[in-house]
Amino acid sequence: MSAVDVPEQESWFHRNQQRIAPWLFLAPGLLFFMVYVIIPVFQSFNLSLYEWDGLGAAEYVGFRNYEDLYWELADRDAFYISLKNNLIWLIMYLLAIPAGLFIALFLNQTVWGIRLYKSLFFFPFVISQVVVGLVFTWFYDPTFGLLNEFLGFFGFGPLNVLGDERFVTYGIIFAGLWPQTAYCMILYLTGLNAVDPEQIEAGRLDGAKGGRMLWHIILPQLRPATFIAFVVTIIGALRSFDLISIMTQGGPFGSSRVLAYYMFEVALSEYGFRMGYGAAIAVILFLIMLCFIAYFLWSMYREERGH
Amino acid sequence: MFPKPIEKQPRGAQITYQAMLPLALLLWLGPLLAVALFSVKPAADFTNANYWGMPSSFEGAYNYGQVFFNSDMPRYLLNSFMITIPTVIGAVALSCMTGFALGIYKFRSNIWIFFMFVAGNFVPFQILMVPVRDLTLELGLYNTKTGLVLFHIAFQTGFCTLFMRNFIRALPFELIEAARVEGISEWRIFWYVVLPLMKPAIAALSVLIFTFIWNDYFWAVVLTQGAESQPVTAGITSFNAQFRAAYQLMSAGSIVAALPPVAMFFLMQKHFIAGLTLGAVK
Numbered sequence: 001m002s003a004v005d006v007p008e009q010e011s012w013f014h015r016n017q018q019r020i021a022p023w024l025f026l027a028p029g030l031l032f033f034m035v036y037v038i039i040p041v042f043q044s045f046n047l048s049l050y051e052w053d054g055l056g057a058a059e060y061v062g063f064r065n066y067e068d069l070y071w072e073l074a075d076r077d078a079f080y081i082s083l084k085n086n087l088i089w090l091i092m093y094l095l096a097i098p099a100g101l102f103i104a105l106f107l108n109q110t111v112w113g114i115r116l117y118k119s120l121f122f123f124p125f126v127i128s129q130v131v132v133g134l135v136f137t138w139f140y141d142p143t144f145g146l147l148n149e150f151l152g153f154f155g156f157g158p159l160n161v162l163g164d165e166r167f168v169t170y171g172i173i174f175a176g177l178w179p180q181t182a183y184c185m186i187l188y189l190t191g192l193n194a195v196d197p198e199q200i201e202a203g204r205l206d207g208a209k210g211g212r213m214l215w216h217i218i219l220p221q222l223r224p225a226t227f228i229a230f231v232v233t234i235i236g237a238l239r240s241f242d243l244i245s246i247m248t249q250g251g252p253f254g255s256s257r258v259l260a261y262y263m264f265e266v267a268l269s270e271y272g273f274r275m276g277y278g279a280a281i282a283v284i285l286f287l288i289m290l291c292f293i294a295y296f297l298w299s300m301y302r303e304e305r306g307h
Numbered sequence: 001m002f003p004k005p006i007e008k009q010p011r012g013a014q015i016t017y018q019a020m021l022p023l024a025l026l027l028w029l030g031p032l033l034a035v036a037l038f039s040v041k042p043a044a045d046f047t048n049a050n051y052w053g054m055p056s057s058f059e060g061a062y063n064y065g066q067v068f069f070n071s072d073m074p075r076y077l078l079n080s081f082m083i084t085i086p087t088v089i090g091a092v093a094l095s096c097m098t099g100f101a102l103g104i105y106k107f108r109s110n111i112w113i114f115f116m117f118v119a120g121n122f123v124p125f126q127i128l129m130v131p132v133r134d135l136t137l138e139l140g141l142y143n144t145k146t147g148l149v150l151f152h153i154a155f156q157t158g159f160c161t162l163f164m165r166n167f168i169r170a171l172p173f174e175l176i177e178a179a180r181v182e183g184i185s186e187w188r189i190f191w192y193v194v195l196p197l198m199k200p201a202i203a204a205l206s207v208l209i210f211t212f213i214w215n216d217y218f219w220a221v222v223l224t225q226g227a228e229s230q231p232v233t234a235g236i237t238s239f240n241a242q243f244r245a246a247y248q249l250m251s252a253g254s255i256v257a258a259l260p261p262v263a264m265f266f267l268m269q270k271h272f273i274a275g276l277t278l279g280a281v282k
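Top line first, the protein sequences correspond to chains A and B.
The first sequence: position 303 = 303 (full-length UniProt numbering), numbered continuously.
The second sequence: position 276 = 276 (full-length UniProt numbering), numbered continuously.
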């Protein structure tokens, strides 16, 4: 460094630059994130111990909101149904991963126009869930929906998927699987692109084909893609709100509610502004998510150590 | 390449594959094509229960004209742009800096701050809902685009930081060391050395965030109401209430609402996919 005359007061900053700089760079983002994300999480925890209509004074009630939730669970009431549906969402939504892999394998060719096909298959992911919800509401419509036209062709139906307590959740999940599968497909297409051709050749020489090749040679190399597909699918399943709100508003008779939707209904709809109770539901949902978040972070941490 | 390239298969398999591609696509996009068909039909087709036949007349221009000139849809679209674009700029700007800080500097709490951003990004929206709504009310920003933008910027910073930090980690660190030896200040290193190298990451994040925010529905419902500030995802429900049972108009409206992110995707496909699949390949 040239010894130009740096004034004395600047040199402290200059000397400590590398220690201070990261905090200056972090400050705006960290401030925003704290105010809008991290602190509200704790505020919700606190709020769940109160009864509050959003306007008047909040009344401290201890764990009563959670007790009420427990009784709803025991009586198989709304909370029980939401929790059960969340579980169904979690399990069924994971089908997006094998389905995405299947489509990716189908499209992983180099024929003419394949790039356009890949883009068009990816299409549903780009569309908002609101529009997906509308599209599938019409798809299921008992009077003119494409599904019933199809069933009618084989002499079945009509089936009112969204009006039947037995089918409604599966109907909505199926709509959700459409964009989610597209996402998993693109992850796997990218992964397949990077599969080591030498290992495939070696496998072929050893006589591995089809399913065995996929299981023993391809899938292990697709692990990073599978991990991301798993993360985004779990998060997506627990965040399911838009589709339910658009397609059924939790109905019929509350049978398609999930925690995310039930919470919204309790806290911010015509059913009353029970903020504390809503916060308690949100805390439960958060704790479920936390198990997965902890697992994701743990995996990332191991990866970081590995580097 | 896996599966085995189709060119190396017998001729029969090749023809079958070529024939199956369009069929599979038709099946895959079926529900969407149905909506596209609905949007060019005249109202009479629906009253006559001619749902799936050919349109008795082609009314695409009329239907889309109704959407654009006889409804609140242009308003909602404009709102969506006015919410989405500032969010993209804000979130990308903030995360360039946080990503730089976490990607370049070694300090003890680095990994924990990074994990905090990542964990916050996975949190369910509902646990933020009541406090964020209150905060927005207190700031006097309820039912404004600004209120929505501020929250979106904050929340997206989580994902963007993850993205930027990993991208910066992969850059050659020698560049920064060399610059430091030259005595260049940290801010200048950020601005003149690292930022130009981040262009692909900035492009990828911009298209992703554009799509995420454009498609947001939950926060639009929680933080806004009414045509003066609601984006198109929330507006479409009132649009549909206005045109109840006019399926041709509801279909046209849905397609219009879905179009901008679709256009974005096709224009910036390479960046979009690079962004979405970050980390899918080691």
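These aren't lab readings, by the way, just hints derived from the structure by calculation.
Virtual Cβ for every residue (Gly too), placed ideally from N, Cα, C.
Do not take every clue at face value.
[To be verified] Okay, derived cross-link-like pairs now, DSS-like style, lysine-lysine, Cα gap no bigger than 30 Å in a straight line:
no., chain 1, residue 1, chain 2, residue 2
1, B, LYS199, B, LYS4
2, A, LYS118, B, LYS199
3, B, LYS8, A, LYS209
4, B, LYS4, A, LYS118
5, A, LYS118, B, LYS270
6, A, LYS118, B, LYS106
7, B, LYS270, B, LYS8
8, A, LYS209, A, LYS118
9, B, LYS106, A, LYS209
10, B, LYS199, B, LYS106
11, B, LYS199, B, LYS270
[Unchecked claim] Taking beta-carbon pairs under 8 Å as the criterion, some of the chain B residues facing chain A (in silico):
no., residue
12, PRO5
13, ILE15
14, LEU26
15, GLY30
16, PRO31
17, MET54
18, LEU94
19, VAL118
20, PHE122
21, MET129
22, PHE155
23, GLY158
24, PHE159
25, TRP214
26, PHE266
Next on the checklist: Please list, smallest to largest, the hint numbers that this structure does not respect.
Outcome noted: The structure breaks hints 1, 6, 9, 13, 14, 17 and 24; every other hint is satisfied.
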